[in-house]
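Asker: Sequence:
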Amino acid sequence: MERRIKTVLQVLLALFLVVPTYAQLRIIHCQPQTYSSVFLPGDSIKIEFNKEPATSFIFDNIVINGRYKGRYSFNYSIDGRFLYLYGLRGIIGGDLLRVELLSGLRAADGDALDSPYSFEFWVKYQFGNFFDEYAEMKLIPINADNPHNSFLTAIDLVGKGNADLILGNSEGNTITVFSNLLTPEGQSFNEGNTYGVGDRPVQAVSADFDADGAVDVAVVCNNSNELYIFWGNNTSALLEPTVIHTGYRPIAAAVLDVNNDGISDIAVALSGEDKVVVYSSTGNRTFTVSNEISTEQSPTDVAVADLTLDGLPDLLIAQGNPRSIALWRKEGSGFAKRSQVVLEKRPTRIIVENVNLASAQPEIIVSANDVSLLGKQGAVEKQHLYLIEYEMNTGALSLVQKIASGSSAYALQTTNLNASYNNTKEVLYAEYDGGRLSDRSTNGSTILENSQTIYGRENLRDFICLDFNGDGAADIAAAGHFAYNIDYIGTSFPRIGIPAYLDRIDFGDVFITQSKTVGFAVENKSSQDMNITATVVTQNAVYSATPVHFILSARDTQRIEITFAPLEPIRYNNGYLEISSDDSLFETKRIQLIGQGVRPELAITPSELDFGVVPQGEQKELSLLLTNPGNTILRISSITNMLRAIFNLNTRNLDIPASGSAQIYATFTPDQLNAAFIDTFYIQTNDPLYPVYKVPLLGKASNKPPSIIGPERIEVVEHSSFQAVYNAVDPDSEEVSVRIDENISWVTVEAGKREVSGTAPEGAQDAEFWVYANDGYLEDTMRVTIDVIPVNDPPRITGPGPISVFENEKIEFRIQTSDPENDPLKTTVRGLPAGASFDAATGTFLWQTGFDDAGLYNLLFITEETNRPLPLRDSLQLRLEVKDRLPDLYITQLETMEKSVTVFKETTLHMAFANTSAPLTGSFSVKVTNEGAAVWDTSITNMVLDQTIYKKIAVKIRKVSSNKIKMWVDYQNSIRETNENNNIQEIVVSATPGKLIVRPNPFTPNNDQKNDRAVFDMTKLVYTSPQLIIYDVQGRKIRTVADRSGQYMYWDGKDDNGNLTLPGLYLYILKDGQDEIARGMIVVAL
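Read in order, the letters of the sequence shown correspond to residues 1 to 1086 in full-length UniProt numbering.
Keep in mind the hints are simulated off the structure, nothing from the lab. The reader is advised that the hints may include incorrect statements.
Think about it this way: if two alpha-carbon atoms lie no more than 25 Å apart in a straight line, the pair counts; the simulated DMTMM-like pairs of lysine to aspartate or glutamate are [to be verified]:
(1) K46 <-> D114
(2) K345 <-> E391
(3) K753 <-> D780
(4) K753 <-> D787
(5) K995 <-> E931
(6) K275 <-> D212
(7) K589 <-> D556
(8) K826 <-> E865
(9) K704 <-> E812
(10) K952 <-> E865
(11) K516 <-> D506
(12) K160 <-> E240
(13) K124 <-> E523
(14) K1020 <-> E986
(15) K956 <-> E986
(16) K620 <-> D787
(17) K620 <-> D732
(18) K46 <-> D60
(19) K275 <-> E292
(20) K124 <-> D787
(21) K124 <-> E587
(22) K966 <-> D1075
(23) K51 <-> D261
(24) K160 <-> D212
Bear in mind the structure is a predicted one, so any value in this text is a computation, not a measurement.
Kindly generate the complete structure, drawing on both the sequences and the hints.
Answerer: As C-alpha cells, this is what we get:
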C-alpha cells in the first residue's frame, strides 16, 4: 500500500511539472491542416488561440507565402479566440501556401506568442476532371538554336495571380521567362526576357527572399558552383541577380524560413562536398550562411517539411551513398539528424504530401533510379517510387511502399487532377526514357500500382501542374530535354467569380429613413453565358438587391448593389444575400448582411439670435439652421414667442427627416427709439429626451449714423510716400464697417486695416478718393483730396561698359540720354581720341583705330538740361583700351623644282616668307640648314603688312637618300608675334648616288702591255678634289693613287713603295675631301 501511494504521488508530481503555463499566447488549432488539399480560393484561414489575439500585431507578424507567387496580402477579423485571415488576392490553384506566425504576435492582454509557428497547405482545384475534359495541347515555341531544357518551373512575376513559366537551358546557360497573357479573349504564353546564369543550371526555386512583396527566383548552377538569385519587382522583367558562390557541385535547393523572421531563406545541397548549406536572407538582397549540415556521400536533393507538426521547418536530404533519405529536425537555431531510411536505388527527387488522409501526419514520396545520365539506356527496371512515413512516437522514418517502374524519372509532383474528389491525390512523374507523363492515384492510404499516361513527349525532362488560366481547374506545362516547344495542356470550365474576401457586408451606422448602398462585381470567367440570381434573405424589409435576375455574358462582369434602409434604431444582423447560378459547378455564395440604425436628436445653429442695433421702423433678418442627425423624422409642431410683432418667423411648424436639416428665417422690427428688446423662441419637437428647445432673442433700436475719423486733405511730394488711417465711431456702440473706394494706380488700400498708403511717381497728378462708414443701416461719407507737389529730377545717361579692342579695329557705340520731365538735353564728351568722332544728336561714337593707337583712353560723357536756370546734369565715365596688334611671320614656300637629285650635286631651293596681322619693325634672321649645316643665313629689317619675300639659293646634296632641309624665320625669336608656332618648316630631298666605273676588273699588271693598269672613270660623279685609296682585305692601306688625268684615275697595281702587289682581292674607296663618294672591290691577277 505504501509503495502504491508513493507511485501515485510521483505520477501526480510528474503531471504537475509537465503542465504548461497558459500565460503566453498559444496556437490551439489551424485550418486548413498542414499539407491538406481542401483550401479553395475565397476560403478563410482559421487559427484558434488559447486567448484573444491583439489586432495591432497581425500584419507585422503574420506572413503568407506561395511557392509560385511569393508574399500574399490579406485582411483579417477577430472573433474572440479565433483569427480569420481572408481576402488573399490572386491565388493560384495548385500553389503551396505557407502561413508563418512570428514571435512578435501578441494577445489582447499583451502576452507574447510562446513560439513561432508555420504550416503549409495546398490550394485545391475547384473544377473538372483533367482526364475527361482537358483541352487540346498547345505548343509554346522556344527560341533557341540548341535547346537543352534542364528544368521548367512557374512564377507569378507580375503578382496578378497568373503563373508565368521559367525554362532553364543547360547548354546555353540561360533562363527564359514565358509571360502568361490571360485576357477575356483567350490565353497565350509569350517568350519574354532571357537571362544569363552560371554553367549548367539544373533547378530553380522561387520565393520572396527580400520581403518586398514581389516573388524572386533562385537558380542552381551545377558546373560553375553558383546560386543566381534574380529579384522580382511585380513586372514582367527580373532585376540584376545576386550571385552566391556555393561549394562544389550544387545540385538542388529548397525554400524555408530558418530563423522565423518572416523572410524566406534557401537550403542548397552540394553533391561534391557531401553537405547541405542554409543561406539566410538579411532582407536587403544579401545572404549569410546560417547552417552547414554534413551528409552522406553525394546528396541529390533537399526538401523542407514539418514532419513533426511543431510548426518548425525540418530538412529531408536525398543521399547517393548509401542510397537513403535522412531527416534533420529543426532544433533551436540548428538541425539535428534524427532518422535515416535506406533505399534500393539512388533517390533523385523528394516531395511531401498527406497521402494517408486518415491521419494529419504527412508522408514522403521519393523517385529513385540508378541512371545518373538521363537518356542513357540501362536495365529494364530503372525507377522506384517510395512512400515513406514518419513515426511520431519513435521519431524514425519507415518505408511503407515501393513501386517499380520501367523508365527513369526526374520530375515529380502531387496534385488533385479530379477536383470532385477530396480523398485522393495523383502522383505525376515524367518518364524520361519512356517519353511520357504518367500518373498514379492514391486511395487515401497508399499509392496505387496501376498507372496511366497523361500524354507522350520524347525525353520528357520536367513539368509543372497549376491553374494557369484561372478557371479553377488543373493545367499542365511540360518540356522535353531537347524539344523546341513547351507543351501546354489547359482546361476550361465555367466559373463565376465573386471576391473571395466577401463573406459579409457591414453597412455600419445608417440613419432612419436614409439608406446606404454597397456594390461588388460578379465575374463570368468562362466562355458561356450564365444565369445569375441575387436573393435577399431577411426577417426585416431593410435590405434590397439589384439586379435580382440577370444573364451574365461570357467573360463579362456585372455589379450587384445591396441597399440597407433601417426602420428602427436597432442592429440588423440576421440578413443574408445568396448568389446562385445555373452552373452546376458553382456553389451558392451566402453573404451575411449587417447594419445599425441610429436614434434622432435636434441641433440648432446658432444657439441664440442677436440682431444688434436696428433703426426704428427698419427690419433685419437672421437665419436658424435646424439639423436632425437622428434616426427618425424630427417633427416641429410649433415655435412660439412673446413679442411676435417685434421678433417674427417665416414658419412655425415643419418636419425634418433623419440626418436632414432645415433653415428658417427670423426678423427683428423695432417699434420704439433707443430701446432694448429681449424674447425667446420655444421650439416644440417630438424628441422624447428634449421636447422643448429654447433660442434667446436680442435686439436694440437707434437713429444715429456713424462718424468717420481721418484727414480730408493729404499733401505728398513727388517720389515721396504717405500713409493715412480712417476709422469710424458709432453713437450706439454698434460695429461699423469702413470701406475706402479709390481708383488711383499708385495708391494702395490694405484690406482689414482701414489704411491708405502710396508713393507719388514721377508726373503724378492730384487725385481724390472716398471713405464710407456703415453700421448696417446708416452711413457717413468723406471725400479725401491728395495734393501732389512736383520736383525737378536730374537727367539720366547710360552707355556700354569698358571696351577693349586691338589696333586697326573699329569702335562704334551709342550713348542713351533721358530726362524724367522730358527737358531738352545737351550731351558732350571729354577726352575724345584723335581720329574719333561723337555725334551728339544721335549719341553715336565712332573710331577706326590705326596701328599707332594702342593705349588706354578715358572718355567722360556729360548730359545737361538746357531750359532751366539751375540745370541738372548726369555723366558717364567710359574706359577704352586699344591693345597692341603684333605681326605674324610665317613661311609660305620651301621646295625644290628638280624631280631627281644626284648626290654631291647642287639643287635650287625656292623659299618665301610673309608678314601678316601688323607691320613689322625691327630686324630678324632667316636661316636654312641642310642636315644641320647652315647653307644660308641672313637678316631682314622691317616688313610692311601682308609683305612676302621670295628667295632662291643653291644647295649641294651631300647624302644619298634623304636630306633634311630646314628653314627658320625669326631664327633668334627677336620679334614678338601673335603666333610663334608657324616660323619653322622643313622638307626632305631624296638623292641618288653617282656611278664610278672601274675597268678592267680584274686587271694584270705584268707589263705585257695588256690590261696592265685599272682605269677609274669619274665622269658620272660630282666632286671637287677626288682621292683614291686602295686597301687589302685585312684593311691595311696599300696605295693612295695620285695618277689622274681629267676625270680619270689609274692604278698600276703597285703599293706606295712602288712594289707590285700580290694577286688577290682589294678594296678601293673614292673620296671628295672628307666625303666618301664611291667604294668597291677590284681583283689583281697574273
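Asker: Now, for every hint given, state plainly whether the structure supports it.
Answerer: These are the hints, each one checked on the structure:
no. : hint           : result
1   : K46 <-> D114   : 19 Å, holds
2   : K345 <-> E391  : 22 Å, holds
3   : K753 <-> D780  : 18 Å, holds
4   : K753 <-> D787  : 23 Å, holds
5   : K995 <-> E931  : 23 Å, holds
6   : K275 <-> D212  : 30 Å, violated
7   : K589 <-> D556  : 19 Å, holds
8   : K826 <-> E865  : 7 Å, holds
9   : K704 <-> E812  : 76 Å, violated
10  : K952 <-> E865  : 71 Å, violated
11  : K516 <-> D506  : 11 Å, holds
12  : K160 <-> E240  : 22 Å, holds
13  : K124 <-> E523  : 20 Å, holds
14  : K1020 <-> E986 : 29 Å, violated
15  : K956 <-> E986  : 16 Å, holds
16  : K620 <-> D787  : 42 Å, violated
17  : K620 <-> D732  : 17 Å, holds
18  : K46 <-> D60    : 18 Å, holds
19  : K275 <-> E292  : 7 Å, holds
20  : K124 <-> D787  : 95 Å, violated
21  : K124 <-> E587  : 15 Å, holds
22  : K966 <-> D1075 : 22 Å, holds
23  : K51 <-> D261   : 23 Å, holds
24  : K160 <-> D212  : 15 Å, holds
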